[in-house]
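Novice: The opening position of the sequence shown corresponds to residue 1 in UniProt numbering, with each subsequent residue numbered one higher.
Watch out, some of these pointers could steer you wrong.
[Unchecked claim] 35 Å max Cα-Cα, derived DSBU-like pairs, lysine-lysine:
1) 37 to 120
2) 36 to 53
3) 12 to 66
4) 66 to 37
5) 64 to 133
6) 53 to 65
7) 67 to 53
8) 67 to 12
9) 65 to 12
10) 57 to 36
11) 133 to 53
These are calculated hints, taken from the structure and not from any lab test.
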Amino acid sequence: MDIEGLLRCLQKLEEEGMVISDLFTDRHTQIKAYLKKERTDINNWFDVWHVAKGVYKQLETVGKKKKCELVGYWVRSVSNHLYRYASSSDGDWELVSEKWLPVLNRITDVHEGHGQRFPKCLHCELEDRDWIKNCNFFFYINLKLKI
Numbered sequence: 001m002d003i004e005g006l007l008r009c010l011q012k013l014e015e016e017g018m019v020i021s022d023l024f025t026d027r028h029t030q031i032k033a034y035l036k037k038e039r040t041d042i043n044n045w046f047d048v049w050h051v052a053k054g055v056y057k058q059l060e061t062v063g064k065k066k067k068c069e070l071v072g073y074w075v076r077s078v079s080n081h082l083y084r085y086a087s088s089s090d091g092d093w094e095l096v097s098e099k100w101l102p103v104l105n106r107i108t109d110v111h112e113g114h115g116q117r118f119p120k121c122l123h124c125e126l127e128d129r130d131w132i133k134n135c136n137f138f139f140y141i142n143l144k145l146k147i
């Protein structure tokens with residue numbers, strides 16, 4: 001959806017008497033900027049598929065860096081983790097956050113002690129994998145990976 005399409009849709013819907021309080025978008029930068037600056041009355045939410053795709057691409061880039069090749073092994077799992085938990089939290093952003101943040105624990109083979117509402121992973125016992133032990137990945141994801 002481009003900005004012109006959004007403006008036309010909003011105008012038409014509001015002419016029909018609709019009050020728009022929330023809008024899901026595909027993270028388009030112009031739309032994001034417009035809603036943040038001009039339409040502060042509308043909550044802008046990002047479609048989880050697009051967010052997961054963005055995370056996937058960013059992690060794929062990290063996995064190509066020297067000494068972070070192991071991250072490439074985890075790209076799909078991390079992306080799926082985000083998508084699964086965002087889509088299973090009934091719009092409760094705090095729960096999404098509490099489910100998403102343990103991804104750093106999960107890829108290091110820590111599956112409990114995550115938080116109050118989501119204290120441990122829901123999966124059964126996992127087979128041994130190439131767990132990430134020491135990589136610039138942690139620094140990167142904490143500073144660079146913005147959802």
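Novice: Confirm or reject each hint.
Specialist: Structure-based check of all given hints:
no.: 1; hint: 37 to 120; in the structure: 39 Å, violated
no.: 2; hint: 36 to 53; in the structure: 23 Å, holds
no.: 3; hint: 12 to 66; in the structure: 51 Å, violated
no.: 4; hint: 66 to 37; in the structure: 40 Å, violated
no.: 5; hint: 64 to 133; in the structure: 17 Å, holds
no.: 6; hint: 53 to 65; in the structure: 19 Å, holds
no.: 7; hint: 67 to 53; in the structure: 23 Å, holds
no.: 8; hint: 67 to 12; in the structure: 53 Å, violated
no.: 9; hint: 65 to 12; in the structure: 48 Å, violated
no.: 10; hint: 57 to 36; in the structure: 25 Å, holds
no.: 11; hint: 133 to 53; in the structure: 25 Å, holds
The structure is inconsistent with the numbered hints 1, 3, 4, 8 and 9, although it conforms to all the rest.
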